[in-house]
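A.B. asks: Sequence:
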Amino acid sequence: FLKVTIEDNGVGRKRAKELKSQMDQQHKSVALEVIQSRLDNLSQEGNQSSYSVEDILENGEVVGTNVLLKIKRQVVW
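Quick note on our numbering: the sequence shown kicks off at 1 and runs consecutively.
Certain hints may be false.
As the list claims (entries may be wrong) - Straight-line distance between alpha carbons at most 25 Å, and here's what the computed DSS-like set of lysine-lysine pairs gives:
hint : residue 1 : residue 2
1    : Lys70     : Lys14
2    : Lys70     : Lys3
3    : Lys3      : Lys72
4    : Lys14     : Lys28
5    : Lys17     : Lys28
No lab work stands behind these hints, which were simulated from the structure alone.
Bear in mind that the values here come from a model prediction, so they are computed numbers and not experimental data.
Use the sequences and the hints to build the structure in full.
C.D. replies: So this is what it looks like as structure tokens:
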């Protein structure tokens, strides 16, 4: 597996959603949809690929977000 970890020390998903709902929304993020589509394409080729998104907690407070991508690659020699 190729494992990629992305750590964001922002306000967390819940607070970001709250802040976004207070703003005039013209932009629709499609990043997670694109990632899922690409992982689905890899999976059709026999690779087991996935991603997860979790809050980073410190003392019960959300202090960021952690994304883990797992991509199984077939080795061709």
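A.B. asks: Work down the list of hints and note, for each, if the structure agrees.
C.D. replies: Hint-by-hint comparison with the structure:
1. Lys70 with Lys14: Roughly 24 Å separates the two Cα atoms, so the pair holds.
2. Lys70 with Lys3: This hinted pair holds, its Cα atoms lying about 5 Å apart.
3. Lys3 with Lys72: Roughly 9 Å separates the two Cα atoms, so the pair holds.
4. Lys14 with Lys28: holds, 17 Å
5. Lys17 with Lys28: The hint holds at about 12 Å.
In summary, this structure violates none of the numbered hints.
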